[in-house]
Structures are given as C-alpha cells and as structure tokens.
Amino acid sequence: MWALVLKEFRQVRRDHRTLAMMIVMPLLLLVVFGYAASFDVEEVTTVVTGPRASTTEGRLSGLFEVTGSHEAWDRSDAIDHLRNGDSVVAVVTGEGAGPEVLVDGTELFSARAAVTALAQIQNSPQPEVLFNPDLDTSAVMVPALAGMILIFVGTMITSLGVVRERQSGTLEQLAVMPFRPRDVFVGKVAPYFVVAAIDLTVIVGVGTWVFDVPFNGSVWLLAVGSLLFLFVTLGLGVLISSVSANQGQAIQLALMSLLPQILLSGMIFPVASMAAGIRWISYGLPLTYFVQIARGVMVRGEGIGGLWFPLVALAGLGLVIFTFALVRFRRDLAPARPMRSPIAMRVAQEEVG
Amino acid sequence: MKASQWGVTDLSVDYGRRTALRDVSLDLSSGTIAAVAGGDGAGKTTLLRALVGLVPPTSGDVRRPTEDAVGYLPASSGVYPDLTVEENLRFAARAYGVRGSDYQAARAELLERTGLEGASDRLGGNLSGGMRQKLGLAMALVHNPSLLVLDEPSTGVDPVSRKELWGLVTDAARAGTAVLLTTTYLDEAGRSDVVCVLDAGEVLLQGAPDALVRGVGGSMGEASTEPDTHFTWRRGATWRWWTTDATPPAGSRRVALDLQDAVVIAALRKREQLEGVPR
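Just so you know, the sequences run in chain order A and B.
Residue 162 in the working numbering sits at position 162 of the first sequence, with consecutive numbering throughout.
Residue 250 in the working numbering sits at position 250 of the second sequence, with consecutive numbering throughout.
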C-alpha cells in the first residue's frame with residue numbers, strides 16, 4: 001500500500017498544474033468568497049438633479065453616495081445618466097412637489113438596497129424602478145449567462161479541439177501540409193465561432209421569450225460586443241491549448257480561467273461590493289465588460305455612448321490575447337519553417353518552375 | 001543513381017542540452033527509397049521531423065521541396081479518428097489542391113491498392129492498425145509528392161499489411177518519388193536503396209545494404225555456445241562471432257553475414273572505440 005501512496009505522491013508532485021489547482025484554487029476561492037463574494041451594499045451611487053439639487057443633496061446620507069449634483073438637468077437627463085450606468089439612483093427635484101427618485105433596476109442588489117432604505121425613511125417619495133421594474137433576477141442574469149456560455153464554448157471547447165488534434169498527431173500532419181499557420185488557426189476557430197454565435201442567439205431568444213428579459217437596445221451593438229468578446233474567449237482557448245499537453249490539462253486551465261470570471265465579473269456579485277484590492281482583478285477579466293455590454297444593451301437600452309469603454313476594453317484584451325495565441329500557435333505549428341535554407345528554397349523554386 | 005535533390009547535410013538537432021542528432025548527412029534522390037534504422041531514441045524521428053520542417057535544426061542544412069510537394073506520414077498515422085476513410089482522403093486531397101476528376105482518379109486508385117474501397121465509409125477510429133497506416137499512406141500519396149517521408153509506417157502492422165504498404169512505397173519510388181522512411185526492422189531496411197543506421201544521434205552506418213554487408217570484412221560464424229572471440233553476440237538460439245583473424249573459433253562454423261549482423265558488428269566496434277571494452 002505504501003508503494004502506491006508513494007507513487008501517487010510522486011505523480012502529483014510532478015503534475016504541476018494539478019498541484020496548482022489543488023493549492024491555488026482553494027486559496028482563490030477563500031479570497032474571493034472572503035473579500036469579493038458579498039451581496040451587501042454599503043453605498044449606492046446617486047446623482048441629484050433639478051433646481052433644488054444642492055439643498056436636496058445635503059439631506060441624503062448613509063447609503064446614498066452622491067457622485068454628482070446638476071441643477072440644470074431635468075428628468076430625461078437623469079434617466080440618460082442611469083441608462084449609461086453612471087449612477088444607480090437619480091433624485092430629480094422640481095420647483096413645486098417633492099423630489100422624484102429613479103432607480104436603475106439592472107443593478108439588482110444596489111437597487112433593492114436603495115428601495116429598502118427609502119421605505120424606511122418617513123415621508124420619503126415612492127421610488128420608480130427603471131429598466132427592470134420588478135427587479136427580476138432573470139433580467140440581469142440571462143445577459144450575463146450568455147457571456148458565461150460563450151466562455152464555455154469559446155475557451156473550453158476550442159482548447160479541447162486544438163489539444164485533441166495535437167494528441168492524435170494530426171496537428172503534426174497539418175503543419176506539414178501547405179497551410180499557412182493562420183489558415184490552420186482560422187480553420188480551427190471558425191466552427192467554434194459559428195457555434196458560439198448560434199448559442200448566443202438561442203440564449204438571447206430564449207431569455208427574451210421564455211424569461212421575459214427585455215431587449216431594449218440595438219441588436220447590432222450587442223452583436224459587436226459579442227464579436228469582440230468571442231475574439232477574446234477563442235484566443236484564450238487557443239492560448240490554453242498551446243500550453244496544454246493533453247485534454248485533461250486543457251480542462252484544468254479552462255476551469256481556472258472560467259471560475260474567477262464567474263465570481264469576479266459582476267455576473268453574480270456586484271463589482272461595487274467587492275473589496276478594492278479584489279476589484280482590480282475584475283477589470284482585467286473579459287466577462288466583466290461583456291456583462292456590462294449585455295445588460296446595458298438588453299435591459300437598459302444603452303447606446304454606444306455609454307458602452308464605449310467596455311467595448312474598447314474588450315477590443316484591447318482581444319488584440320493582446322488573440323495576437324499572443326496566434327504567435328504561440330504559429331510557433332507550435334511550424335517551428336522550423338522560418339529556418340528553411342536558401343538552398344531548399346532555390347531547389348523548391350526550380351521544382352515548382 | 002539519380003542526382004540528389006533533397007536531404008540533410010551536417011544536420012545537428014539539440015533539444016535543450018540534449019543532442020538528438022549530430023552531424024548527420026543524407027542525400028535523397030528521386031526514385032529511390034532511403035531507410036533510417038536504429039533503436040529507440042537513436043534520432044530517427046528527429047531526422048524526419050527536421051527534414052519536413054517540424055523541428056528547427058541547430059546547425060546544418062536541410063533541403064526539401066515546398067510543402068505542396070511533400071507527403072508525410074507521422075508515426076500516429078495522421079488519420080482523423082472521427083472522419084470516415086473517404087472524408088480523411090478527401091481532406092488531404094483538398095489540402096494539397098487535388099480536386100475534381102484528379103481526386104476521383106487518385107481516390108479510386110489509392111482505395112483499390114490499399115484494399116480500403118470496401119471501408120470508405122468507416123470511421124478512421126474504427127480501422128485496424130494496418131488499415132489506419134494504409135489510409136495514412138494514401139493521404140500522404142494523394143497529391144503524388146516528390147518527397148515522401150514516412151515515420152515507422154510498418155510498426156505494429158501485420159505481415160500482409162506490411163507487404164501492401166511496401167508495395168505502395170515501392171510503386172511511389174518507381175514513379176519518381178524520393179522516399180525516406182524510418183524502421184526498426186533491419187530486414188525491411190535491407191529492401192531499400194540506401195540505409196542510414198543511427199546510433200545515439202550519430203550515423204553508425206550508411207550506404208547501399210549490399211555494400212554495407214560487403215564492407216564489413218573479416219569473417220563471421222555461429223556456434224551453439226558462446227565462443228571465445230573478441231566480438232560475440234546472441235542471435236536467435238545461437239551465438240554469432242566475428243573476427244578479423246583468419247582462424248575461426250573451435251566448434252563453430254562460418255556463415256554469411258547479413259545487414260543485421262553488419263549493424264551489430266558496427267555497434268560493437270563503436271562501443272569498443274568509445275569505451276575501450278569489447279562487447
């Protein structure tokens with residue numbers, strides 16, 4: 001029996017990825033759940049507008065963190081401000097009657113906290129919840145789930161597909177065939193791209209028709225955001241495959257990239273509720289930006305004006321990851337091609353000629 | 001023999017600090033078969049992979065045609081297990097730009113000669129080892145390459161399939177293709193025009209099989225018990241001996257040596273040179 005225990009320890013010690021997963025993953029989960037996994041909302045970003053904005057601003061305290069006060073803004077300006085995701089609550093003051101409180105229903109936990117806090121204040125106005133009036137969980141979860149499924153197809157399935165090719169020895173065959181590395185790259189990735197695009201359409205369709213998730217924005221804007229997001233996830237899939245010797249390793253790495261995205265992207269736990277030290281990790285994750293785009297377009301009907309930053313962030317991440325993946329893939333596929341001797345080239349030219 | 005077109009000159013390949021090939025030169029001529037033989041880890045596959053561009057040479061020169069004129073059969077056969085025989089062959093043909101009537105003609109000929117015409121709709125993963133190797137070879141031949149590189153095409157293949165594989169390889173060479181293959185079977189290597197025997201990444205022997213056998217010199221024989229000579233080794237149920245002396249050991253008889261004996265003698269002589277110890 002000891003021989004078996006010893007053998008097992010030796011194998012585990014040499015399998016660095018499994019070892020990392022066994023040690024790093026519990027630590028990661030501990031940190032995430034300790035600092036990031038919080039539904040508690042301690043502050044709700046609030047903008048105050050209208051002619052009595054400055055006097056009303058002074059009366060807000062506690063939960064409501066005033067981030068701006070604009071006396072010249074009217075109700076529609078306040079709604080645009082919420083639609084762009086710049087604040088969660090807008091207090092619209094008027095000359096006569098009391099102030100009106102508008103709440104962004106897509107920020108589920110913040111909105112619920114704001115509504116609850118207002119209900120506890122005597123004579124406070126009845127808030128109007130915009131974009132997701134019933135504060136439905138499905139309205140904010142379905143757009144985020146679309147992102148998670150795109151990661152699943154784009155990263156995990158793509159990495160498995162490429163690793164399977166390497167394991168069966170056919171990638172070696174492809175490397176010798178008259179394909180350019182980028183042809184092989186595109187040929188490998190294109191089917192997954194199509195499948196992911198179909199997946200996205202189905203998820204959005206089912207979410208809209210079955211779960212009554214609103215679709216208030218532009219289909220094309222969501223398509224552009226999804227396209228950029230897919231570039232990142234597919235690139236990540238190829239990158240994972242290029243450092244994985246077998247499908248087991250690819251699954252491990254894909255899971256290690258998937259889990260932080262689910263936990264830290266704002267898909268489940270609000271980014272605003274995370275500890276500042278953890279929040280910066282969220283801003284390095286592609287799903288964070290896709291969640292902003294999907295919720296913004298579908299639920300809030302946000303335009304490109306409010307979504308340019310997540311779009312640019314995804315484009316930047318996509319460029320870096322895709323380029324890195326392509327370089328690694330090219331190196332794996334044809335390590336010797338750039339070193340082809342001039343003689344071989346000359347003879348080859350003669351042969352062709 | 002025709003002029004050499006492809007091959008390697010003074011090729012060395014290092015994997016990190018480990019040298020896999022050292023100063024190997026091999027010329028490959030149109031219409032001939034060259035076999036690279038040697039034990040496990042001798043550098044056979046590295047030589048092939050360097051020739052087709054899968055491994056960068058550390059030093060030396062590699063001469064190969066453009067990718068569309070190379071046919072390559074990796075040790076794993078390169079067959080997609082989840083595609084049918086027909087789909088595998090069609091994929092290889094399309095990759096090399098063989099379409100339409102050219103493909104139909106190549107398909108019919110290759111399936112008939114590999115005996116796979118009745119299995120064209122079977123998945124690659126459901127084929128026997130021999131059938132998979134024959135399909136891999138058909139995929140490597142579909143575009144009529146000028147250089148055919150085969151990594152252990154007959155390893156793990158039954159004798160009948162080996163014969164069929166060799167028939168295909170011989171016909172390709174007869175049609176003008178330069179063939180380079182690796183094998184662990186010296187009887188198989190003996191059927192090629194040129195044999196290159198590698199040992200620990202270096203060329204142990206190289207030349208036409210007959211010339212290699214003739215070049216050994218000395219005298220060789222066999223005995224039922226281990227003879228008291230400088231070079232002895234077991235072969236089958238008997239002992240072999242080789243000596244440059246005129247007198248054979250007592251109780252033994254002379255026999256004609258073959259390629260396998262020539263390789264063993266070369267290996268023993270090399271070891272003696274390196275270690276100063278015979279056997």
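It is possible that part of the hints are untrue.
To give an idea of the interface, some chain B residues facing chain A are shown, with a C-beta separation under 10 Å as derived from the structure [to be verified]: (1) P81; (2) G136; (3) G236; (4) A237.
FYI, nobody ran anything at the bench for these hints, they're computed from the structure.
For each residue, glycine too, the CB sits at the ideal point set by N, CA and C.
Going down the list of hints, with the structure as the test:
Annotation: interface hint on P81 (chain B) holds; nearest CB of chain A at approximately 6 Å, less than 10 Å. The beta carbon of G136 (chain B) is positioned within 10 Å of a beta carbon in chain A (closest approach about 8 Å), and the interface hint is therefore held. A least Cβ separation of about 34 Å between G236 (chain B) and chain A goes past the 10 Å threshold, and the interface hint is therefore violated. With its C-beta approaching chain A no nearer than about 37 Å, A237 (chain B) sits outside the 10 Å limit, and its interface hint is violated.
In the structure shown, a violation is registered for the earlier hints numbered 3, 4, in ascending order.
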